[in-house]
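Visitor: Line by line, the protein sequences are chains V and C. Here UniProt numbering is used: the first sequence runs in plain steps of one and ends on residue 377. Here UniProt numbering is used: the second sequence runs in plain steps of one and ends on residue 377.
These are calculated hints, taken from the structure and not from any lab test. Quantities reported herein were computed from a predicted structural model and do not represent experimental measurements. The C-beta atom is built at its ideal place from N, Cα and C for all residues, glycine as well. Among the hints, a few may not be true.
Said to hold, decoys possible - Label-pair restraints from in silico Cβ distances:
hint: 1; chain 1: V; residue 1: Ile79; chain 2: C; residue 2: Ser270; range: 17 to 23 angstroms
hint: 2; chain 1: C; residue 1: Ala101; chain 2: V; residue 2: Ile79; range: 29 to 35 angstroms
hint: 3; chain 1: V; residue 1: Ala85; chain 2: C; residue 2: Asn163; range: 25 to 31 angstroms
There are 2 protein chains.
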Amino acid sequence: MTMTAEAAAARIAVRVELGTRSYDILIGRGLLDVAGSEIAARLPGARAAVVTDRNVAAAQLPRLAASLAAAGIEVVPVIIAPGEASKSFGMLEHVVRQVLAARLERRDVVIALGGGVIGDLTGFASAIVRRGMRFVQIPTSLLAQVDSSVGGKTGINTPEGKNLVGAFHQPELVLADTGALDTLSPREFRAGYAEVAKYGLINDAPFFAWLEANWRGIFAGGPEREHAVATSCRSKAKVVAADEHETGERALLNLGHTFGHALEAATHYSDRLVHGEGVSIGMVLAHRFSARMNLCSPDDGRRVARHLAEVGLPTEMRQIPGELPDADGLMALIAQDKKVSRGTLTFILTHGIGESFIARDVPPAEVRAFLRETLEA
Amino acid sequence: MTMTAEAAAARIAVRVELGTRSYDILIGRGLLDVAGSEIAARLPGARAAVVTDRNVAAAQLPRLAASLAAAGIEVVPVIIAPGEASKSFGMLEHVVRQVLAARLERRDVVIALGGGVIGDLTGFASAIVRRGMRFVQIPTSLLAQVDSSVGGKTGINTPEGKNLVGAFHQPELVLADTGALDTLSPREFRAGYAEVAKYGLINDAPFFAWLEANWRGIFAGGPEREHAVATSCRSKAKVVAADEHETGERALLNLGHTFGHALEAATHYSDRLVHGEGVSIGMVLAHRFSARMNLCSPDDGRRVARHLAEVGLPTEMRQIPGELPDADGLMALIAQDKKVSRGTLTFILTHGIGESFIARDVPPAEVRAFLRETLEA
Ligand SMILES: NC(=O)c1ccc[n+]([C@@H]2O[C@H](COP(=O)([O-])OP(=O)(O)OC[C@H]3O[C@@H](n4cnc5c(N)ncnc54)[C@H](O)[C@@H]3O)[C@@H](O)[C@H]2O)c1
Ligand SMILES: NC(=O)c1ccc[n+]([C@@H]2O[C@H](COP(=O)([O-])OP(=O)(O)OC[C@H]3O[C@@H](n4cnc5c(N)ncnc54)[C@H](O)[C@@H]3O)[C@@H](O)[C@H]2O)c1
Ligand SMILES: [Zn+2]
Ligand SMILES: [Zn+2]
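Work out the full structure, taking the sequences as your base and the hints as a guide.
Guide: Here's what the structure looks like:
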C-alpha cells in the first residue's frame, strides 16, 4: 500500500463489526486521492463502475478518477441526475444495466460517489446485479458520511412510500473524505449536521456538549470535522452491529424522525424542507413532547433548540415557508408513517439529553394535543 | 394443525438445512388443499399476497384461495401474464407495487403459485419489498418442484442476459402439490423431467436406474411421482446446504446446461426449444463429449440418450426445428455464457452415469471440434 504521510496522519478508522462482513470506515481529509490504492489493496485486480450524480461528478469525480487510474483500476463512470427523484425503479434499472453493460463480474466493484441518494441507489443496484456485487461507499455529503453510508441499508422510493424497496447490503469499505464536504452547499451541510447532533442526543451527552463548544470547527473544516464524523460513525456502527436488520434498538436512530417525516410529507418532500431540517425540528419537538409527558425537563428542549438554531437549522414548525396541515392533518401523516399498533404509537422519547429511549405506548391523543398547542402557540 | 389423514399419508418432507433459515419442502398430492392450515400454523396472523400467472390462476388458484380462506388468511391476488418475458424489471416493479398497495408488512407473507417464472420473479420481489418479506413457494410445474423452488435463487432477466439480476432469498416453506402437475402440458412436464434425470446423472446412478424402470408412473401420476420429486429436492437441497451462494460444488447442477444454454440462445429462447429440452440435448452432449475425452464409455451417452428419448425428450441437435448456427457460432454463444477464463472453459463433465465432476480446464478447441463432428454427422 502506498500513501503519503499526510493522508495517513489525517486518517481515522472505524471498524463496523459484522462477522465475516465486517469492514472499515476510513475518515480523513484527502482520502479521495488515495482511494485507488486503498481499493486496489483490498480488491486486487477488480475493475470498477463509479456511480455518481452530475453535481458530485463536477465537484469530485476528477480526483477519484485520477486516483483510480493511478492505481491501475479500470473505471466505467455512470453519471445520473441529482436529487431524491433518482431513487426510483427506473433509475435502478438504468444503473443495473449500465453495470452489466460494463461487463463487471462478481469479483469487480461498484463504487458510490455521492450523497445518500447515490449511496442508497447504488448500494441497492450492487446488491442485485449478479445477486450481489462488491460495493464501496465514498460518501460526499455530511449526511451520507455520518448516517446513510453506515449500516448497509440500501433502497429506492415508490409512489407507495420512501425507502420501502431495497436490500441490506454491506460495503467492502467506506471512504469518507471530509475535504469533499467543502463543495457541499451550506444548507446541505447544516442538514447533515442535524444527524450529527442526533448521536449526542440519543445516548452521548458529552458529545452533544462537545458539539455546542466546537461546531464552528466542524463547519470550517478543522480537525473537529473528522472527530465529529468519526464519533457519529462509531455510534451508528455500534447500533448496527447489535441490530443489523433493524428489529430493535436500531429504532433509536429515528429520534426526531417521526415528527420530521410528517413535516417532510406535509411539505411534499419539496425544498421547503430538506430531510435534516425536518429532523432538526423533529428533535426539538421530541424533547418538548417528552417534557410535556414529564419524562425530562423543559430545559432540555430549550438547550437543544438553542444549539440547533445557533448553527442555522430551523427548530420551529412556523419557520417552514408556506402553509402546514393542522394537528389532525399531521397526526394522519404520523399514523401513515408509523402504523398505529393497537391504538398506541411507538416514538423515540427522552429522559434528557443523551437519554433517548423507545416508547412503545404513546397515546395518539397526547401527541395530537401537543401538536395543537404547538401550532397555536 | 388440522389435516386429513389422506393428505398426511401422501406427504413427504424434505428439510433444507440452512441454519436459522432452514425450512421444509412438503411434497404430496393434495397439498394445495391444506396450504392454508400449513401456512397459518407456521406464520400465525399473516396476511398474504398470492402472485401467479393467468394459466396457473385458471388451473389452480381457486383451490389455493379456498384453502387460505378456510384457514382465515386474508389474500390479495396478483395475476400476471405467463411466460419468460414476465421476468422483467417492469413486471418486478408491478408486483412490488401491488404487494405494497396491499399494505403487507414484514410479518405478512408473499406466496408464489406457479412455475419457475413466477417463483423467480415473486421470490425476488419478496426479497426487496421492505428489504425482505416472508415468502412461500407453491411450485406448480415439474421444473419448479424439483429445481427452481429449491435453493433460494431468485431473479429476473435483462437484455444483457438471463438471471443476471436478483437476490438469494430463502422461502419459509415450499409446498409441492404433485397433483397440481396434472394440468401442466405434456411438453412442460417432459421438460421438467430432464432436470429430474439430471440428479441421477450427477451423482446418483441408482436413481437413474430407478427412473429407467419407473418413469411411466411419474408421468401417470402414481406414487412414483412423489418419490421422484422428493429425491430430486433432497439432492438439490444437499448441494445448496453445502454451497448456498454458489461458489463451488453447486456448479454440478449445471450438468447439460452449458450446451443447453447455447442452444436456447441459438433458438432465441423461442418455443422451438424450451429449457428442459435444451438440457436434455445438453446432457447427452456432455456424456458424448466426456467419452470423446476418454473420461467415460460411449455406452454411457447411449444409455442416457435412450432413456431421454423414451420419455419423449429431444436428444439430438438435429431434432430442433429450423436452422442452427455452425460450430463456431455455438462456441461464441458458449463463450458468452461461460466466460473463457485464461483460455480454458469450465464444464460439467462425467466419468460415467452418476459420476459428474467440474472440469475447469476444458480446451475450447476440443469443444469446437466435437460440435463440428456432431453437427456434420
Ligand atoms: N441508507 C440509510 O441508512 C439512510 C440513512 C439516512 C438517509 N438516507 C437517504 O439519504 C438520502 C439523502 O442523502 P443526502 O442528504 O446526502 O442527499 P443527496 O444525495 O441528494 O445530496 C444532497 C445534494 O448535495 C449534492 N452533493 C453531495 N455531495 C456533494 C459535494 N461533495 N459537493 C457538491 N455537491 C454535493 C448532491 O448532488 C445533492 O444535490 C435520502 O434519500 C435518504 O432516504 C439513507
Ligand atoms: N431459481 C432457480 O434456481 C431456477 C432453476 C431453474 C430454472 N429457473 C427458472 O425457471 C423458469 C422456468 O420455469 P418453468 O419451466 O416452470 O416455466 P414457467 O413458469 O413459464 O411455466 C411453464 C408454463 O407452464 C404453465 N404452468 C405452470 N404450472 C402449471 C400448472 N400446474 N397447470 C397449468 N399450467 C401450468 C405456466 O403458465 C407456463 O406457461 C426459467 O425462468 C428459469 O430461469 C430458476
Ligand atoms: Zn435522518
Ligand atoms: Zn435447468
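Visitor: Indicate, hint by hint, whether the structure satisfies it.
Guide: Structure-based check of each hint:
1. V/Ile79 / C/Ser270: 17 to 23 angstroms: Taking Cβ atoms as reference, isoleucine 79 of chain V and serine 270 of chain C lie about 37 angstroms apart, which means the hint is violated.
2. C/Ala101 / V/Ile79: 29 to 35 angstroms: Since the Cβ atoms of alanine 101 of chain C and isoleucine 79 of chain V sit about 33 angstroms apart, the hinted range of 29 to 35 angstroms holds.
3. V/Ala85 / C/Asn163: 25 to 31 angstroms: At 29 angstroms between Cβs, range holds.
Hint check: a violation occurs at hint 1 only; the rest are consistent with the structure.
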